[in-house]
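Read off the chains here:
2 protein chains.
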Amino acid sequence: MGQESFTAQKRGGGAAATLPTTNGGRPARSVSSLLPRGRQIHKTFNNIKITILCGFVTILVLRGTIGLGNLVSSESDAVNQHLIEETNRVLDEIRSDKDPDDLDNPSEPEYNPNVTYTLGPKITNWDQERKSWLDRNPDFPNYVNGKARILLVTGSPPNPCDNSIGDHYLLKAIKNKIDYCRLHGIEIVYNMAHLDKELAGYWAKLPLIRRLMLSHPEVEWIWWMDSDALFTDMVFEVPLKKYDGYNMVIHGYPDLLFDQKSWIAVNTGSFLFRNCQWSLDLLDVWAPMGPKGPVRDEAGRVLTANLKGRPAFEADDQSALIYLFISQRNVWMDKVFVENSYFLHGYWAGLVDRYEEMIEKYHPGLGDERWPFVTHFVGCKPCGSYGDYPVEKCLRSMERAFNFADNQVLKLYGFRHRGLVSTKIKRIRNETVTPLEFVDQLDIRHSEQGSSGSQS
Amino acid sequence: MGQESFTAQKRGGGAAATLPTTNGGRPARSVSSLLPRGRQIHKTFNNIKITILCGFVTILVLRGTIGLGNLVSSESDAVNQHLIEETNRVLDEIRSDKDPDDLDNPSEPEYNPNVTYTLGPKITNWDQERKSWLDRNPDFPNYVNGKARILLVTGSPPNPCDNSIGDHYLLKAIKNKIDYCRLHGIEIVYNMAHLDKELAGYWAKLPLIRRLMLSHPEVEWIWWMDSDALFTDMVFEVPLKKYDGYNMVIHGYPDLLFDQKSWIAVNTGSFLFRNCQWSLDLLDVWAPMGPKGPVRDEAGRVLTANLKGRPAFEADDQSALIYLFISQRNVWMDKVFVENSYFLHGYWAGLVDRYEEMIEKYHPGLGDERWPFVTHFVGCKPCGSYGDYPVEKCLRSMERAFNFADNQVLKLYGFRHRGLVSTKIKRIRNETVTPLEFVDQLDIRHSEQGSSGSQS
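So the sequences go chain by chain: E and U.
Residue numbers 583 to 1038, in my numbering, belong to the letters of the first sequence in order.
Residue numbers 583 to 1038, in my numbering, belong to the letters of the second sequence in order.
Simulated from the structure, these hints should not be mistaken for laboratory data.
Fair warning: there could be bad hints in the mix.
Identical chains blur together in the list; that is why a pair holds if it fits in one copy or across any two.
[Stated by the list, open to error] With a Cα cut of at most 20 Å, we get these calculated DMTMM-like pairs of lysine to aspartate or glutamate: (1) K729 to D866; (2) K779 to E1013; (3) K843 to D709; (4) K713 to D1025; (5) K729 to E769; (6) K1008 to D1025; (7) K704 to E1019; (8) K975 to D837; (9) K975 to D935; (10) K704 to D837; (11) K843 to D916; (12) K729 to E974; (13) K1008 to E780; (14) K713 to E1019; (15) K704 to E1013; (16) K704 to E769; (17) K704 to D866; (18) K704 to D717; (19) K713 to D1022; (20) K890 to D879.
Only chain E is shown next, with the shape it has when bound in the complex:
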């Protein structure tokens, strides 16, 4: 509609501009043949006047419309418009904040091609340091009742999304994570700050994960999860026992990784890192491809040349990790568990349309293609302006995933969404005077004991 109207408006403007000379002029000319010279001059003069006036109109009209931003078609719209402008003024101010220390700010070192980028001074004895800290701080154990302490880390940019609806889906995504983490005793850190200007974008998780490992020695596993990934199995738990001998757990396929060298062999949208020296070392060798500008661009060319199916673009954290796994296989892979027995990361396109079928045939707690643990909206970029998929499809699919998961949470309270694209909920049972019966039956944390079979 915007584009259609846009052309309509152009047509209008165009017509106004050309009218006097073509249409306004024609009849005058046909008359002129009947007129003596002096009158003809007078006529031409009139036509010019009309031309100028119509031109003036055109200018007025265009001036009235171009650069109008949000056109108001009613009083209330006018108010909202005003609101949006006030808002933008504040945001511009907040964004464009200057600081005297900007120059000598250590978080923005000068780019020097001769120096390899580092996340910070090399730490070499983390395992011992951490162990002795844990011994000194019995109030902060890394295992509670035999369960490893997990810190789920996610985040989004400090400023509002380009696409205003993006913030709404960031809100739904964190609500979804709050629910899962409450049910499974997992702590959450939601990051909204750029810790390192050089590692902006998808690389930002690296300095963040390192910082959190060093600041939270009590945490055994750091679980990174993208803001566009949703938990869609609220019962399933990561089978940590299975990873006792490993320091990293990431979703992927070994054959895609080592036989095909595919750039999507693993996915960095949801992975776990053990808090240990090995992980710090991996971060140290992973980060140097990340610095924005010439380094990241050049690294991108190397990755595209070496990874199957990779389009030509700057280095991304996922391709860099895959390249590292392939080129230094012997160094790292004995401690990396490439998981695909359940969806630690599940590609949304194959899943969101099958939720009804899953509800009909299966039940939460399976975590695999029957009931995906995580549905990840790769390529949707709800917070950016340009994703790889139509916004419409992305939003409807995210709404479906959110509600599919939310139904598993609402069940305890006696509600469910009216449909998978419906924000409205309905009762699935009436209020009762014996509510505790349902707590025993439906609280996921109780059934958890049962599903903890998935832990070994």
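Fit chain U to the supplied structure of chain E, relying on the hints for placement.
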């Protein structure tokens, strides 16, 4: 700017419409005096033609602009515009979802003036029921290491905000709550569903709190907090020991309540309810003023007539609670702790401009006017279109409160915001090879033991 351009555009349209008859006509008339009759007819005919054509232009131009929604002034804007429209289409679909069960949906009973509204069947023996459940479920104790289990409850509407920036500040508000609750071992429920159509708006917290009490017998205290309230003291803890003999803790002033009968004597933006029969009973007598429509409107008149300073509007949950406290003082007040020794709720207007002064003079952990525990943006309605304060002031103030609190969290990681309205952060210390020193110094959960003096 929207309005100004709107008038400009109207002027343009108007000019285009009147041009041919006034300007286009005048010269023709002046010539006509010199012309014989036949030619004059021809002239008039020409003028009519021009009139029609210019009129046509006007229509084109107006059609091209009126009802244009978002006018696009550049290619990229055109794309964003298209994006917004796709978005709205999905949202409209999601909002306007119909359901066959809509009629027999128990969550929307027919309004019957002869029946007093209830939150559900009367529960009479909750204390015993809950106690025996706790005995049966030692894995879900209501006290952990001597600390009562708290569930913080907040929420926002299921659909995007009227003002698109609203969702961004809802996101920052929940990030702020996630931080506080992680640091103090408090669980969070973020509600985005309308549990009860009759108790929409500020009344929605009542059925939600009741439902959560009945579904979470392991929780000792339910802490309601509005979405527009931020934790601004990340160290302070609610001194629960102080409330051992009480079932409700709410910020307010006894003299305003009982002497002045002020409608702002207490604030329901942040209060605690003990999970017990008494609380269910209070909810039962509190709710009947809430049902949307005639009941809420009539109740509003009663409240305005009885509470000092209350404007005339439908019944709100806060006024209703105050009215209940005043009219049934003997029934309830011996179990209600009206707290004002710290800011369980802190009115933003008096606080946000003093943050720099607080940083200079005081430190987190005080919770009172020296370092407010909670800063509550009463009347800002960032998610609605119409607040009682200028959007600009509200947004800047919320940004300041968020960053003031965030600095207390970032300190552990070695960063702070460049200014209180800056989303950018800067290092306050360089990366080190001995990070654990700072954990011992700066982790709020350690200093907590110290500040737990505030608990008794």
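Quick rundown of the hints versus the structure:
With identical chains, the CA atoms of K729 and D866 are never at most 20 Å apart, being 28 Å at best within one copy and 41 Å at best between copies. Only between protomers do K779 and E1013 lie at most 20 Å apart by alpha-carbon distance; the minimum there is 15 Å, versus 53 Å within a single protomer. Taking the closest pair of Cα atoms, K843 and D709 never come within 20 Å of each other, the shortest separation being 32 Å inside a single copy and 62 Å across copies. In the homo-oligomer, the alpha carbons of K713 and D1025 lie at most 20 Å apart only across protomers (18 Å), although the nearest pairing inside one protomer, at 36 Å, exceeds that limit.
For the identical chains of this complex, K729 and E769 are neighbours both inside a copy (13 Å) and across copies (18 Å), given an alpha-carbon limit of 20 Å. When the C-alpha separation of K1008 and D1025 is checked against a cutoff of 20 Å, the pair qualifies only within one copy, where the shortest distance is 19 Å, while the shortest distance between copies is 43 Å. For the identical chains of this complex, K704 and E1019 are inter-copy neighbours only, at 16 Å across copies versus 55 Å inside a copy, given an alpha-carbon limit of 20 Å. Proximity of K975 and D837 under a CA criterion of 20 Å is satisfied in neither setting, with 31 Å inside one chain copy and 57 Å between copies.
Only within a single protomer do K975 and D935 lie at most 20 Å apart by alpha-carbon distance; the minimum there is 11 Å, versus 44 Å between protomers. For the identical chains of this complex, K704 and D837 are neighbours neither inside a copy (34 Å) nor across copies (61 Å), given an alpha-carbon limit of 20 Å. In this homomeric assembly, K843 and D916 come within 20 Å of each other (Cα to Cα) only inside a single copy, at 18 Å, whereas the closest approach across copies is 71 Å. In this assembly of identical chains, the alpha carbons of K729 and E974 never lie at most 20 Å apart, being 41 Å within a copy and 47 Å across copies at closest.
Only between protomers do K1008 and E780 lie at most 20 Å apart by alpha-carbon distance; the minimum there is 13 Å, versus 48 Å within a single protomer. Taking CA atoms no more than 20 Å apart as the test, K713 paired with E1019 passes between copies only; the shortest distance there is 14 Å, against 44 Å inside one copy. Only between protomers do K704 and E1013 lie at most 20 Å apart by alpha-carbon distance; the minimum there is 10 Å, versus 59 Å within a single protomer. Taking identical chains as interchangeable, the C-alpha atoms of K704 and E769 are never at most 20 Å apart, the minima being 28 Å within one chain and 36 Å between chains.
Proximity of K704 and D866 under a CA criterion of 20 Å is satisfied intra-copy only: 8 Å inside one chain copy versus 61 Å between copies. In this assembly of identical chains, the alpha carbons of K704 and D717 never lie at most 20 Å apart, being 24 Å within a copy and 52 Å across copies at closest. Taking the shortest alpha-carbon separations for K713 and D1022, only the inter-copy value of 14 Å comes in at or below 20 Å, while the best intra-copy value is 39 Å. For the identical chains of this complex, K890 and D879 are intra-copy neighbours only, at 18 Å inside a copy versus 67 Å across copies, given an alpha-carbon limit of 20 Å.
Hints 1, 3, 8, 10, 12, 16, 18 from the list above are not met by this structure, while the remaining hints are.
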